[in-house]
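Colleague: Read off the chains here:
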Amino acid sequence: MADARLLSSLVAVEPLVPRRRPSLLRRVISNWSVRLGGGVLGVLILAALFAPWLGTIDPTAMDPGSGNLLPGTRGDFTSFDGDVIPHWFIMGTDSLGRDIWSRALYGARVSITVGIAVAMLALVLGLCVGLTAGYFRRIDGIVMRVMDGVMAIPAILFAVSLVALFGGTLLMVIVAIAVPEIPRVARLVRSVVLSLREEPYVEAAIALDTPTWKILLRHILPNAIAPLVIQGTYVCASAILVEAILSFLGVGLPAEMPTWGNIMAEGRSQFNQFPHNVLFPGIFLALTVLSVNVLGDGLRDTLDPKFNKRTE
Amino acid sequence: MANEDACGPATPVLSIRNLAISLPYGGDRLNAVQEISFDVLPGKIVCLLGESGSGKSVIANAVMGLLSPGLLPTTGSIRLQGRELIGTPEAELRKLRGPSMAMVFQEPMTALNPVVTCGEQIGEMLSQHVRMGRAARRQATLDIMRRVHLPDPERIYASYPHQLSGGQRQRIVIAIALILKPALLICDEPTTALDVTTQAEILELIRELQTQNNTAVLFITHDFGVVAEIADQVAVLELGHMIEQGDKHEVLTRPRQPYTRMLLDAVPELSLRKRQPLPEADPLLLARKLSKAYATGSWPLGQRLVHALQDASVSVRPRETVGIVGESGSGKSTLARCIARLIEPTSGDIEANGRSVAHLRGRQLSPFRRDVQVIFQDPYRSLNPRQTVGSSIVEGPINFGVPRAQAWSRAEELMGLVRLRPEVLSRYPSEFSGGQRQRISIARALACEPKLLIADEAVSALDVSVQAQILALLEEIQRLTSIGILFITHDLRVASQICDRVIVMHQGRIVEEGLVSDVFFAPREDYTKRLLAAAPGRDFSFARSTEAAQDPVYPKSQHVRVRGATDSKGFTV
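Chains as they are written, first to last, in our numbering: chain R, 943 to 1254; chain H, 720 to 1292.
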């Protein structure tokens, strides 16, 4: 680079004016679906986190004396130890006198935990499978046929048998719901990787003698994240639903644990007289799933490479 | 146009007056085009010429009423045969498209419906606009297919687009456009996606049909050769402004505007350039009888071998630029990728540094990788969008064991070499234009201090002015580092300017090989002769400023449009 004088005979015509483009985060935040879905979901998460301070009592405590109260009743809750607590039953009580509002809020903890944990687990495992299958052609055939096999197992049936075998702990429910999701994630990642590995920048990295693990980590993975995040929201929403279904069928988490599915299962028998037992947890469930899906749609609109391929 | 008196009182088919089309909020300028006024007379071809982003296609789409949502004509008028098109409802416009105006697009494969036979697609135009029987329609379709010189019209009538070659597909698109004998034909880069020999045929066809029907043609292109070949009148666009228009000879030989002159200077000439004789030296790289075959199909139908490359031998010496020219599918990129060892050749040998590298794998290739680097065609895909420019550049040296700090300071030096500021290193590729990205790719390749640089169509996706700068940069780098360059291109003009030796490839084989002066100016093989004859505008002498004529590749600073101020070091701000 010694001959600077010689070089200055070449005039670079193009100015270095970076094209001003809103950052990714700004674009995501300015999307209304993301704002709406994220906002509702945020409120639900906060409510679940701060459940003890939001006018709730022990969600498992029973008071047969105040069974089947209608929503909005003000009364006294007599605990097992005989303490009398004045309480406002915002959403009424079930047949055993458990406070629905408390149970629904604590149930949100379970549902959101299950949703996020399943999404994480399915994404991480699916990502590993998809990356290897997509990048290494030799094992692609075998791995993807195994995935096809997993896909052929009905998800709910699989979860029911797994929980029946190993017991209904939170961990087992999460694993049982996550495993059938893995092939879907793996397929998505594989298809993205298949197109990314043909990109010239990946070839350039090969020409630069970059080790394969580094190519996967630095060049392929960051460019595959966006579709993965979007898929993650859909996995999360479906996991929340499946968990509720399992609980409702009585094959998920133990009946004494406050989950939306369990509350609904409990209220099912007297749905005619006291619909609030099913209605309120149902509203929570629908709202959560809807907000996660709306959030996912918003993320897809802002992150999907199809919409901003050239500009990225 | 300005010279109406010369053309007599003929009424223009298309008349655009003071047209402005605004861009949506947040665009890089207020209007996509503004103050556009020109006429297209019957039987004349008007070329809209401009670099990418100058607004040529926007004008064409505005005439056809095909503007994307968000683009709106704000002022001005577009009159087709005296009828105002701006504000005409969509239903009315639809009746005009076909009988009065028609368009030929750049990429024939996407312009045609892949699941409908070509004959039906041509016939659809008739059934939409003319009442005629089935047999008559078929006859008319076959007639127009004959007129666009399609071989065996009966067979092609029943063929699907994917069964035809690119040139044949473009003929179908032209047949669709011209079957109703429209008064105005708009061609939007109709030959850009085609090979040079096909391009020559298509241009000739457009010329022929246009003369027969006395059609007015609005022809959009960025290629000066094509303009020289086909235009009657030329209008030059710069960033949405029409800066110059007039007769072809006037604009191309006596340009008034500095921008036009700068563009013309940047057009590489198909001419012999004096190059310094190379010192005798051992070749950096020697490829012998390289072949690459791909297997298609499998049991039970049986495998078929497709020979992408057969018995190609290449050698490159230090300081030498070897060009590989050929049309698409000629195997030139396969040869480059074999030599770069991005793919493994089926047979043959590659020798570098006295070591055979043709069949090495993985880590064994490391020393070779350091010596040979590649620059790719598409500047938008050759840099990882999620990595800063700096980490892309230092990646290679760090892989080869250079300490991190040293690699970064070297990257800063390289930014100076490719005429970018060192601050660029912390930015992401999306902030740069195509030309700037190509500079970054060059810096990335040079960071490993390679001995051989393979440029695979490295300037093909760039505008002429940017192309000239990149070529100048490559020559400069070669002068400073005595690197060998293997330059793959389909553009014979570029090859004639930058190469010492050229290799002509056709259907996977090397057809002719030798010094530029021999191959381009005394070709022996028929194919080379045909290729040379097809180069558009080869007999046309463009205006060149005197200094540029001596050294045509370098854009001289007085003709260069400097948008930013230049500081003392020569960096552009």
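Simulated from the structure, these hints should not be mistaken for laboratory data.
Keep in mind that the hints are not guaranteed to be accurate.
[Unchecked claim] So the derived list for chain H, only partly shown, Cβ under 8 angstroms to chain R, looks like this:
1. A1059
2. Q1083
3. D1090
4. V1093
5. S1101
6. L1102
7. P1104
8. R1105
9. T1107
10. E1114
11. R1163
12. S1236
13. F1240
[As the list claims (entries may be wrong)] Pairwise CB distance ranges (calculated):
14. R:T1154 / H:S1201: 30 to 36 angstroms
15. H:S1066 / R:C1070: 50 to 56 angstroms
16. R:V1088 / H:G1021: 26 to 32 angstroms
17. R:T1154 / H:H1078: 15 to 21 angstroms
18. H:P808 / R:S965: 48 to 54 angstroms
[Stated by the list, open to error] Which chain R residues stay away from chain H? Per the calculated CB distances, all over 12 angstroms, these:
19. R977
20. I1084
21. I1095
22. P1142
23. I1162
24. L1163
No residue lacks a Cβ here, since even glycine has one placed at the ideal position from N, Cα and C.
Colleague: Each of the hints needs a verdict: does it hold here or not?
Modeller: Evaluation of the provided hints:
no.: 1; hint: A1059; verdict: holds, 6 angstroms
no.: 2; hint: Q1083; verdict: violated, 11 angstroms
no.: 3; hint: D1090; verdict: violated, 11 angstroms
no.: 4; hint: V1093; verdict: holds, 5 angstroms
no.: 5; hint: S1101; verdict: holds, 4 angstroms
no.: 6; hint: L1102; verdict: holds, 6 angstroms
no.: 7; hint: P1104; verdict: holds, 5 angstroms
no.: 8; hint: R1105; verdict: holds, 4 angstroms
no.: 9; hint: T1107; verdict: violated, 11 angstroms
no.: 10; hint: E1114; verdict: holds, 6 angstroms
no.: 11; hint: R1163; verdict: holds, 7 angstroms
no.: 12; hint: S1236; verdict: violated, 26 angstroms
no.: 13; hint: F1240; verdict: violated, 28 angstroms
no.: 14; hint: R:T1154 / H:S1201: 30 to 36 angstroms; verdict: holds, 33 angstroms
no.: 15; hint: H:S1066 / R:C1070: 50 to 56 angstroms; verdict: violated, 37 angstroms
no.: 16; hint: R:V1088 / H:G1021: 26 to 32 angstroms; verdict: holds, 30 angstroms
no.: 17; hint: R:T1154 / H:H1078: 15 to 21 angstroms; verdict: holds, 19 angstroms
no.: 18; hint: H:P808 / R:S965: 48 to 54 angstroms; verdict: violated, 41 angstroms
no.: 19; hint: R977; verdict: holds, 20 angstroms
no.: 20; hint: I1084; verdict: holds, 17 angstroms
no.: 21; hint: I1095; verdict: holds, 30 angstroms
no.: 22; hint: P1142; verdict: violated, 4 angstroms
no.: 23; hint: I1162; verdict: violated, 9 angstroms
no.: 24; hint: L1163; verdict: violated, 9 angstroms
In terms of the numbered hints stated before, the structure departs from hints 2, 3, 9, 12, 13, 15, 18, 22, 23, 24, listed from lowest to highest.
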